[in-house]
Every structure is written in structure tokens, then in C-alpha cells.
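Under the working numbering, think of the first position of the first sequence as 492, with each following residue one higher.
In short, the hints are calculated from the structure, not lab data. Predicted model only: the values in this text are computed from it and were never measured. Note that the Cβ used here is the ideal one computed from N, Cα and C, for glycine as well. Mixed in with the good hints, there may be bad ones.
[What the hints assert, rightly or not] With a straight-line Cα cutoff of 35 Å, these simulated DSBU-like cross-link-like pairs (lysine-lysine) come out:
| id | residue 1 | residue 2 |
| --- | --- | --- |
| 1 | Lys604 | Lys581 |
| 2 | Lys996 | Lys581 |
| 3 | Lys924 | Lys721 |
| 4 | Lys989 | Lys955 |
| 5 | Lys1058 | Lys638 |
| 6 | Lys604 | Lys786 |
| 7 | Lys666 | Lys581 |
[Unchecked claim] Quick list of the computed label-pair ranges, beta carbon to beta carbon:
| id | residue 1 | residue 2 | range |
| --- | --- | --- | --- |
| 8 | Pro962 | Asn551 | 39 to 49 Å |
| 9 | Asp1063 | Asn1030 | 22 to 32 Å |
| 10 | Ala705 | His748 | 56 to 66 Å |
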Amino acid sequence: MLEEVLRQLFIKSFKTLYGQEPPVQQVNFQKTRPEFEGDMTIVVFPFGKLAGRNPEQLANEMGAEMIKESDMIAKFNVVKGFLNLLISDKFWMDFFKENHENREFGRKPVSGKNVVIEYSSPNTNKPLHLGHIRNNLLGWSVSEIMKANGKKVVRVNLVNDRGIHICKSMLAWLKWGDGCTPESTGKKGDHLIGDFYVLFDKKFKEEVKSLLPANYDTLDEKAKEEAKAKAEAESTLMQEAREMLVKWEANDPEVRHLWETMNQWVYDGFDVTYKRMGVSFEKIYYESQTYLLGKALVQEGLEKGVLYRRDDNSVWCDLRDEGLDEKLLLRRDGTSVYMTQDLGTAQLRVKEYDPEKLIYVVGNEQIYHFDVLKRVLVRLGREWGNDIEHLSYGMVELPNGKMKSREGTVVDADDLMDEMVATAKAVSDELGKAKDLSPEEADKLYHTIGLGALKYFILKVDPKKTMLFNPEESIDFNGNTGPFVQYTHARICSVLRKAEEQGIKLESEVKVNDLQPKEKEIIVMMYGWPMVLNQAAENRSPAMIANFIFDLAKEFNQFYQECSILKEPDADRRMFRLQVCDMVAALLRNASELLGIGMPNRM
RNA sequence: GGCCUGGUAGCUCAGCUGGAUAGAGCAACAGCCUUCUAAGCUGUGGGUCUUGGGUUCGAAUCCCAACCGGGUCACCA
């Protein structure tokens, strides 16, 4: 807005002075660096030739003309080719007067078609871990951000509830579980199932080892591989698991019953984790219910001749002319693969929601998969394949490298949240922050702080980038962290409470017309919020929101340090500062909500 | 090997649609609580933006090459 007005003013002035029209996209603004006086800076280097002036001359002439034309500009100065414009206090005050009570400031009304966002997408054979946490937080947050920016968002989850991996857990439970349940063991269902999955793997490895030939260690690499493959094929455990999968597909009542029971344990466990994490879905799809849908699409593709069948009966899509490879869509036994299921699920979503976009929050190791998915859909005549967007995020690494479930270096989601909350409690107690709260309120606060720290730590990093999770640093509550922002909010609330206790009621009318430096910096920053929100939505980047709330909190803390609020003698200015406090607090709440981070009133 | 992606302070990260002397936080050091919550504020030190070319008034940012790291190229998901 400000930029647009200034741009027009610049162009108009330029025409007046030089009779030429400068290219619009060249007229760019940036914030004036703090060491110079001004708010906005135009770089005039690109227009020197057009005007027939050297940059400094040009900037001076333009500044004089612009200040003459508009009372929005209070002052200007020129450094080399940089024209620094000081915006009048009136402009900022008008902005503040208009928006300081707007609790929805920056948000746009929701309209248009649906945007379907899939995230989480767990397997039902193990509990959620750190990687899922990044996925879930991103999916949730991007949804909130897009909603705030005017999109109609539908959150969906696709649970991978079928396949050989679930059979492994079931088989292990049957063999060694002794009929145990989440109730009998006191274990969360997802963890219980995960334990049996690990147990299967352990027993399977033992069996394979026992089947290896005696001279295995003396073999060369290739022979070793062959021997191992042979042993794995001979494994009765694996055979039993496969048989179970076949029975499952054949709707064997016993297997199905066990499968339903055990999956339910997992879902109950997931529900607890999701709830604690603060994420939810409008719709949950299950692969067991959708995996057949893709097959119909494949059949259609065969009839249209865009897919083909090999001699061994497997079905493929040839994408070599697009620079990709051939892609298998049905195995030779006619069963479907991951891609087949995704084709069907996508079709179902289009039917159910008629979306303008299908966004998939999935790790970047699947970039190729989604590239193929889009192209295959388009081949099948589904132009909306192009509306698929893979929101791919980077891996989470630990200080000693990647997480590997087999090496036991996985950071479990439930454990991590426990630790964060426990640390929040320890720090709060140490600082004596929660002593006036009831036990219930205190627990709620620890949860808000612990989860706030975790969410901020994960979301402040650009989603595209690989990030490092250092357990020690992530539980730091100082500096660029969630609790820092929360603390700032709590402080503001404290001031507002004190004001109320003193009988000062927040007024709507703003009676101040000039700005002191720290007051102005805060208002200028808040002015930029709608642009930040818009950018964050377009870039699908919660990190931009996180950066903003940190900057705003930091700015407020400086203001708080330098300017007294309640002790300000001038009543109008005191009221104004309270109004600033109120707007900052509201904006911190408004923005942090998009990250799923709560703002406590005291801490 | 082909394709994709990253390399910024000791560490974690911003900045990347080209602009002024490259920024935060952590860690280190030095200050600030009889005064609105010190989970805070202020200051100091710390950089050949991996390297080498190119484009131009100007490059961490764009292009090319090299080096190093990660991902992917399954009848796994």
C-alpha cells in the first residue's frame, strides 16, 4: 500500500521532471537502513540514463519534487544513488488509529475454491517420531496461514493402514504377545505395536542368520548378498507374514479382526499424540479403503492406450519422452503399488472437494514420486494433475547424523514432548514463575511453554532446508525461541492488568499525533504484517511468521526497556502506549496462532 | 554415473525476485533489577558469505565450472 502509493508518486514526479516514463518494475523500495534517516529508500541508479542525470543529482531532484507533491513525505536525504524518504508521523498514526483494535489485523476473509492439504500420513506399525513432528507442525501451520490469507482449506490425513509392515507387527504379537493389550501393559497402543514391529525384525534377523551357510564370512561381497537373499527367502517368519497379507487381501475374518483390533490401538495412541501436538484433520482417508480406486484409473489408462502391459502382466507408464523413466503401476500379480494408490486417492479428493489445489506435505525424498504422479495423472486425461503441489520439506538430522530406527536413534514424539514440558516446569519452578498458579493452571502453562518451544524451534527453519535438531539447544528458552515471544506477551498482559487495577480503561480514541523513535519502530513493524502474512502463505513458509513474531517481540522489549508506560506522566501518551501494548499483544496472539503456539497471559 | 538440492560467525539459522559498512540467537566476555515480570535490556570480540571465473554502476544474491555434503533414480512407502 505505502509502496504502491510511493511508486505512483515516483513515476508521476519522474514524468513531470523528465518527461519520461520509468519502467514500473524497476521502481523498487526497501526499508531504509537504520544508520540513515528515513523509512523507505528508492534506489535511483537504474534511472540515471533515462533522466540524463547522475544518480545523486537525480535523487535530489526527485526528492524535492516528491516532497512537493505529497504531504506523506516529511523529509528526504540522498546518499549516493539512494533516496531516503522519511514518512510523516501522520501516515503511521492514521494506520495505527485505524487498526489498533482490529483483532484480525492482516487476515483476509475466506473465499474461493477448496485447497486440500494432506499431511501427517503415518504408518500404523510404529509411533510418531521427530520427522513426523516436523511434518505435522508444517502441515498444520501452512493450513492456518493459508486460511488467514483467504483460502478455504481442508486438512486431510492418509493413514497407511495396510501392507506387509502391519502384518509383521500382527504376527509378532500372535507369536510372542501373550494376548497383551494397551490396558494390560499400560502402554500407548502405537508404542505397543511399534515394539512388536521391532521384535519381528529382531527375530527375523536371528532366523536369517541361522540360515546363512557356515562359510558365509569367507564369501566375497556378491556371494554374501546372494546367500543373504536366499536365507531371507527361506525365512518362515517372512513367509508367514506374506501369507497373512494374502489372507488380509482375501478378507479372512480372523486376520481382519486382529488387524482392526490392533489398528484401533494405534489410532487411540495417535489421537493422544495429535491432540497434544494440537493438530487435527477434517477428513481421514485410509489406504485400506482407497487402494482399489487407483486400479480403475489404471484400467482406463490401458483402454485409452496411454499405459501398457508387459508380457509378465505388469502395467507401466512410459515417461521417457518427458525425460523420466518408465513407472510401474501394477505388479505382475495385479496388486497395486504406492503410486497406484496415490492416483486413486487424488481422484477421490478431486471428486469430494473440487479443489483448486492439492497440497501434499511430504519429505523431499519423494520429490520424484510426486513429479511422476502429476505426469501420470495428466496422461490419464486428468488435467488437474497440474494442481498437485508437493510441499517438500527437508530431513531432521541429529547431531550424530540421520535418525535410524534400526539403530535406535529415533527421537520419539511422545518422549520429546514429555521432555519439553518437563523442562518448562523445571525452568518455571527455578525462576519462581508459577507459584501463584493453581496446579491445573501451572500444568497448562508448562504444556504451553514446552510445546511452544518445540514448535518454534522446528517452524523457524525454512521448510525446504534440512535442519539439525540438537536436543540441548532446542530446550533453550532464551533468545530466538518460542518462550521468548511468550514471555513478551505475558509481560504486556501484566502491564495491561496493572493498568486495569489502577482504574485505567483502554480507550478507542488515540489522542497523540507525534511518535517517539521506539513507538514508531513498533508501529512500522506492525504495518508490515499483512505483507509478511501474504508472503508466508505464498511461500508456504511458517518460518517467515516465526521471524516476524521474534522481531516484533524483540522490538517491544526494547520499547519496554526505554519507555515507561504506566509511569508516563502525560495521560494521552500513557494511553497511547497502552494502546500500542494492546495491539502488539493481539498481533503476537494472532500471528503465533498460525504456528499453533499459545501465548500465556502470565509466566 | 544421471537428475534434484544445499555450502553465510565456533554452533543453530536469517538475508537470496541484485543495492549502502552481510544480520539475529546460542556460546565467551563486560555492564543493567529499592522503578511496568532480568525467560529481559545494553555493550565487546568473532566473517576471504566453500573456491575460481563471468554478467554490471553494484553480486552472499544471477550465470558457468570445480570442490564438499544430502536426497533420489525399487514389482518399498
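Which of the numbered hints above does this structure break?
-> 1, 3, 4, 5, 7, 8, 9 and 10
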